[in-house]
Structure formats: C-alpha cells, structure tokens
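Undergrad: Residue 33 is where the sequence shown starts when you use our numbering, and the numbers rise one by one after that.
The hints are all genuine.
Per label pair, the in silico range of CB-to-CB distance: (1) P297 <-> I232: 32 to 38 Å; (2) G101 <-> S126: 21 to 27 Å; (3) E264 <-> S141: 42 to 48 Å; (4) P297 <-> G101: 18 to 24 Å; (5) L224 <-> A145: 41 to 47 Å; (6) S296 <-> L166: 40 to 46 Å; (7) A145 <-> R278: 33 to 39 Å; (8) E234 <-> E72: 25 to 31 Å; (9) E139 <-> R268: 41 to 47 Å; (10) G255 <-> E72: 44 to 50 Å; (11) L166 <-> A121: 14 to 20 Å; (12) G101 <-> A121: 21 to 27 Å; (13) R278 <-> I128: 31 to 37 Å; (14) G124 <-> G101: 17 to 23 Å.
The set of hints was computed from the structure by calculation and includes no laboratory data. We put the beta carbon where it would ideally sit given N, CA and C, even for glycine.
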Amino acid sequence: MASNKNPSQRTAVIATIDPDAYAVGCLATAEFRAQRPAAEGRVVAFFSQQGGVGTTTLAVNTAYLAATGNKPGSVVLCDGAVQFGTVAAHLGISPIRDMAAFVSDSEGSSAMAACLTDEPTSGLSVLAAPRSPLDGTAITPEDMTRVLIELRRRASLVIVDTPPTLDLLTLAVLDSADRIMVVTDAVTPTVLGTASLLAILEAEGLGGDRISVVLNRFSSFDGNLSERLVRERLGRPVTHVVPYDRNFVVAATRGRPLVSGRLSPALQVPLSSIADDAAGIRRAAAGTGR
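Generate coordinates for the entire structure from the input sequences, incorporating the hints supplied.
TA: Spelled out as structure tokens, the structure:
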C-alpha cells in the first residue's frame, strides 16, 4: 500500500552504518586533513534528516550571497544530492557536465574546471549533481571525498547541499566539512528527529562547535514551537533563525535565488549571518529569544 504521507515531510530513514565501511569511506579525508595546507578553502555542509525544511534553499541562497562581490570562482556550490539534486534548477542553469563527468574523467583533478558551471550574475561556480539518478548511484564515498578535496583546492569556500539521508556518502561530506549547518523547523516531529541527529553526529565526532543549528521557516503562529522550546528539545542553542517567507517558494519556481533581489531586513540579517558563519566569521547567536 502506498504511503499517504507527503514525501517532502517524510523523515529520512537513518541508514545503518557499518564501522568498517565508514572507516574506508573516510580514510582519504582523514589523511588529507593531516596534511591540508592552511590556505585551502573551507567546506560547509547543509544537512537535515528531514526533507522539506528548506535545506537546499538555504544552501543555494547562502552560496549566492557569499559569491556576490567576490572573485568569480572563489565560491563553489556542490550538489551532494547525487541522485535527485536540484541545485541547478534553483539557480536556473543547465550544466553541460556534472559530478559524474568529473568522477569518470581519466584526466583526474585537471578535469574539474570543465565540469563546473558558472552562475553568470554572482560569479558562483556550481558542480551539479549527475543528470541521471543512475549515474548518481555509481558515486562512492571515496569519490565524494576526492571531489571535495579538489574543490577546496580551487575555491576559498565550498558549500555542499546534501540529501536527507545519513548514509556513507553524506557522512563523507560531513566528515570533510569545517562547518555543518543542521537545518530544522519548529514542528515537533522535525525537532525530535533533529535532536536524534545531533546525538548521532556527536557520537561520530562531528558535533560540538563544528555545528550551527539553523531554525528555518520560523513563525510564531499558534501551533508552532517557540524558539525557546526548540532550544530546550535540542539541548543546544539555535545559531540562526530564518523567518518564514513565501517568496522563497516564488524564487525557486522562477529559478532565481531570493537573495539575488532586494531583501527585507527580516531576511537580510539572518541570511547574511549564515553567509558570514559559512565564511568562518562566527557571530553571537541571532535568536529571537521567544
């Protein structure tokens, strides 16, 4: 029998993690961290265990905002949702080559430049997810680690959108990340799932100061959890609070990030704060206090 749940609101199943497979998948990351030059770029992952909370929207708008006014190509947005990634659609671009092309290219790291697509109005470079979901299934955790190593060698900031599944591919991204933006909303089932996710990340050595919690689509209407209750149920502060705004939906439909136009102060402040956080400028938590 088909489920009557809305797929965009369905909590992802947390995959069983084989410690041996995880160790193999992240070995290249561990080796690279030990010899990584300080001049190489930051990797920032946007992740939620729950679909439909705006993770991709935040990743795209943060990357666009970070790229605007900077040297073209200094910020790269990588679509880590390798089977059904939508980063390119959010930006209204049609990449000719993608992550699968880079992984399969015999030229190795020198092939990356040809696999990136430029977003013309911001200077943002994009490594799109494979156009075919079947090509996405062939990408391994080792491939993903190699992709991120190459991107951080080319750019000062690499932002990665991830799918709502904590599998080996996602763990490879999170293990490579300098900052993990954990996205949630003020709905009880989502917050409970996020609390479980944070506990898992902590146990995997991916927690602590490495994580920023983003409370997205926040509204104080009756029935939504307050920011205070979200903090209490998560057991940690909320780093960024982004208010609900239907214009995010309009912008995604048009294939233009909302930050490409004029923003209200209510959105400008939290989105700029997230972009600063991604760039390594950590400010005081910008909660509403409610």
